[in-house]
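K.L.:
So the chains spell out like this:
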Amino acid sequence: AQRVTQPEKLLSVFKGAPVELKCNYSYSGSPELFWYVQYSRQRLQLLLRHISRESIKGFTADLNKGETSFHLKKPFAQEEDSAMYYCALGQGGSEKLVFGKGTKLTVNP
Amino acid sequence: DAGVIQSPRHEVTEMGQEVTLRCKPISGHNSLFWYRQTMMRGLELLIYFNNNVPIDDSGMPEDRFSAKMPNASFSTLKIQPSEPRDSAVYFCASRLAANEQFFGPGTRLTVL
Chain A
-9 AQRVTQPEKL
1 LSVFKGAPVE
11 LKCNYSYSGS
21 PELFWYVQYS
31 RQRLQLLLRH
41 ISRESIKGFT
51 ADLNKGETSF
61 HLKKPFAQEE
71 DSAMYYCALG
81 QGGSEKLVFG
91 KGTKLTVNP
Chain H
849 DAGVIQSPRH
859 EVTEMGQEVT
869 LRCKPISGHN
879 SLFWYRQTMM
889 RGLELLIYFN
899 NNVPIDDSGM
909 PEDRFSAKMP
919 NASFSTLKIQ
929 PSEPRDSAVY
939 FCASRLAANE
949 QFFGPGTRLT
959 VL
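Those protein sequence lines, which keep their order, are chains A and H. So the first sequence is numbered by the numbering used here: it starts at -9 and just counts up by one. So the second sequence is numbered by the numbering used here: it starts at 849 and just counts up by one.
None of these hints come from the bench; they were simulated from the model. What you are looking at is a predicted structure, and each value in this text was computed from that prediction instead of being measured. Heads up, the beta-carbon is just placed ideally off N, CA and C, and yes, glycines get one too.
Keeping only pairs whose Cα atoms sit at most 25 Å apart, straight-line, the calculated SDA-like set for lysine to any residue is:
hint : chain 1 : residue 1 : chain 2 : residue 2
1    : H       : K872      : A       : R31
2    : A       : K47       : A       : P99
3    : A       : K94       : H       : M888
4    : H       : K926      : H       : R857
5    : A       : K86       : A       : Y15
6    : A       : K86       : H       : I853
7    : A       : K94       : H       : T886
8    : A       : K86       : H       : A915
9    : A       : K86       : H       : K926
10   : A       : K94       : A       : R33
11   : A       : K86       : H       : R870
12   : A       : K94       : H       : E948
13   : A       : K47       : H       : N947
14   : A       : K63       : H       : E948
15   : A       : K12       : A       : E22
16   : A       : K12       : H       : E892
17   : A       : K94       : H       : G890
18   : A       : K(-1)     : H       : G890
Derived DEER-like restraints, expressed as beta-carbon distance ranges:
hint : chain 1 : residue 1 : chain 2 : residue 2 : range
19   : H       : S906      : A       : A7        : 37 to 43 Å
20   : H       : M863      : A       : G19       : 38 to 44 Å
21   : H       : E910      : A       : E10       : 35 to 41 Å
22   : A       : K63       : H       : E948      : 19 to 25 Å
23   : A       : L36       : H       : M888      : 22 to 28 Å
Please put together the full structure from these sequences, using the hints given.
P.N.:
Given below as structure tokens:
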């Protein structure tokens, strides 16, 4: 069965410190992985997707098929990065997404 | 474009009452998704439609839940009768072909 695991429910770092939000997936097919972010009082929005291999707001994520991981990283966290982050797994054209339970990131001043 | 529109934004009702949540997808999008978000289970897909046709309703928790999409610009999620354990934030999202899903602001449902 398709599954996305985000082992950390809460993650707290200081401004300027590196941050890594972990995501592991379970899927027998060819996965499409996404990171969605939900800032306070805002709607859920796409942060980045693995196929585009781009950096958004300083965040990057590399798909590691050997480790079945898609960890989200940023070298220097900012206070405005504080939000809820969801890793999502797309199947067969990404029509259906399976989400992890999310990690709440808090960046302290 | 105002994006995906959901109404109401907040709903408080008593156990046993019928609840109807509404969603207007982004114009031109051909897929629509209903999700439920809770602290315990995170974000769960309940059902999704493609070209107004329900494709996968395996996430619908039980027969008390039903969803319809009578046309390309409107969908409803109905709970009848509602129970306290249905309290959650319900999100609607829409998508065009293989592009990203765009989420609405959500409806916060409280069943007393």
